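Read top to bottom, the protein sequences are chains G and E. Taken in order, the first sequence gives residues 83 to 193; the numbers are from my numbering. Taken in order, the second sequence gives residues 729 to 844; the numbers are from my numbering.
The hints are simulated quantities; they were obtained by calculation from the structure and are not laboratory data. Because the structure is a prediction, the values reported are computed rather than measured. Heads up, a few of these hints could be off.
[Claimed, not checked] Which bits of chain E does chain G cover? Going by a derived footprint, with three or more residues having C-beta under 8 Å, they are:
1) 749-755
2) 796-809
[To be verified] When the alpha-carbon atoms are kept at most 30 Å apart in a straight line, the in silico BS3-like pairs for lysine-lysine are as follows:
3) Lys180/G / Lys799/E
4) Lys731/E / Lys781/E
5) Lys138/G / Lys731/E
6) Lys746/E / Lys731/E
7) Lys781/E / Lys746/E
8) Lys124/G / Lys798/E
9) Lys152/G / Lys746/E
10) Lys124/G / Lys746/E
We put the beta carbon where it would ideally sit given N, CA and C, even for glycine.
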Amino acid sequence: QKEVEQDPGPLSVPEGAIVSLNCTYSNSAFQYFMWYRQYSRKGPELLMYTYSSGNKEDGRFTAQVDKSSKYISLFIRDSQPSDSATYLCAMSDYNTDKLIFGTGTRLQVFP
Amino acid sequence: DVKVTQSSRYLVKRTGEKVFLECVQDMDHENMFWYRQDPGLGLRLIYFSYDVKMKEKGDIPEGYSVSREKKERFSLILESASTNQTSMYLCASSPAGAPRGTGELFFGEGSRLTVL
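Bound-form chain G, shown alone (with noise of 0.2 Å):
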């Protein structure tokens, strides 16, 4: 079982939509968990990074941690054609010195 579990899409959905991205994880100890936003044949970006449980918001984007299931997610909302890319998500423990990423989902957002 791989340590951190992301559906690889696509998913495609029209402009205005909300889109849930989510990733499931086997490592309780995981405490750091982060978004990252990879544009076709460019290198991945941050897009939102959260500590723990809770909710996160920035603009039209929202990333979500419940730890008790080992899940976390990455709404967006009123969708955008530029917001098509792949969103991978990753996660690491303080006694790491790495990131685990998952596969990645890819997103289409037609006009």
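Got chain G; can you put chain E on it based on the hints?
Chain E only, in chain G's frame:
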């Protein structure tokens, strides 16, 4: 604007050739990383470095080596390229600070290597 620059965006090499992938960052970051990205496998860590002249193996170091002679530069070396090393290679950097695994990574645009 922070920048991680990978010198070659696209390379085509033959089996057995020695391949150098260069990465330079201008943010004075202590930490540098090399990943490879493959469909269905995601990002896998090859090597990382927390200081000049030091290196640590990641999850898949076999067939690779690295060099960090200067703080801003981290090179990935494929001593004898093989077809299973055809992949997207991503360099990243992050500033010093504990815990190391929790800081934001700044990625380059990637080097797509094809080994024939």
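Hint check:
With 0 residues having a Cβ less than 8 Å from any Cβ of chain G, the region 749-755 of chain E misses the three-residue criterion, and the hint is violated. Residue count for the region 796-809 of chain E with a Cβ under 8 Å from a Cβ of chain G: 0. That is fewer than the three needed, and the coverage hint is violated. With a CA separation close to 20 Å, the supplied pair Lys180/G and Lys799/E stays within the 30 Å bound. At most 30 Å may separate the alpha-carbon atoms for a hinted pair to count; Lys731/E and Lys781/E meet this at roughly 22 Å.
For the given pair, Lys138/G sits about 27 Å from Lys731/E by alpha-carbon distance, which is consistent with the 30 Å threshold. In summary, the hint linking Lys746/E to Lys731/E is supported, as the alpha carbons are separated by about 27 Å, within the 30 Å threshold. Proposed proximity of Lys781/E and Lys746/E is supported: the alpha carbons are some 21 Å apart, at most 30 Å. Simply put, Lys124/G and Lys798/E have alpha-carbon atoms about 25 Å apart, close enough for the 30 Å limit, and the pair holds.
Proposed proximity of Lys152/G and Lys746/E is contradicted: the alpha carbons are some 43 Å apart, above 30 Å. Proximity of Lys124/G to Lys746/E is assessed by CA-CA distance (about 25 Å); at most 30 Å being required, the pair is judged to hold.
Figure legend: structure checked against the earlier numbered hints; hints not met, in rising order: 1, 2 and 9.
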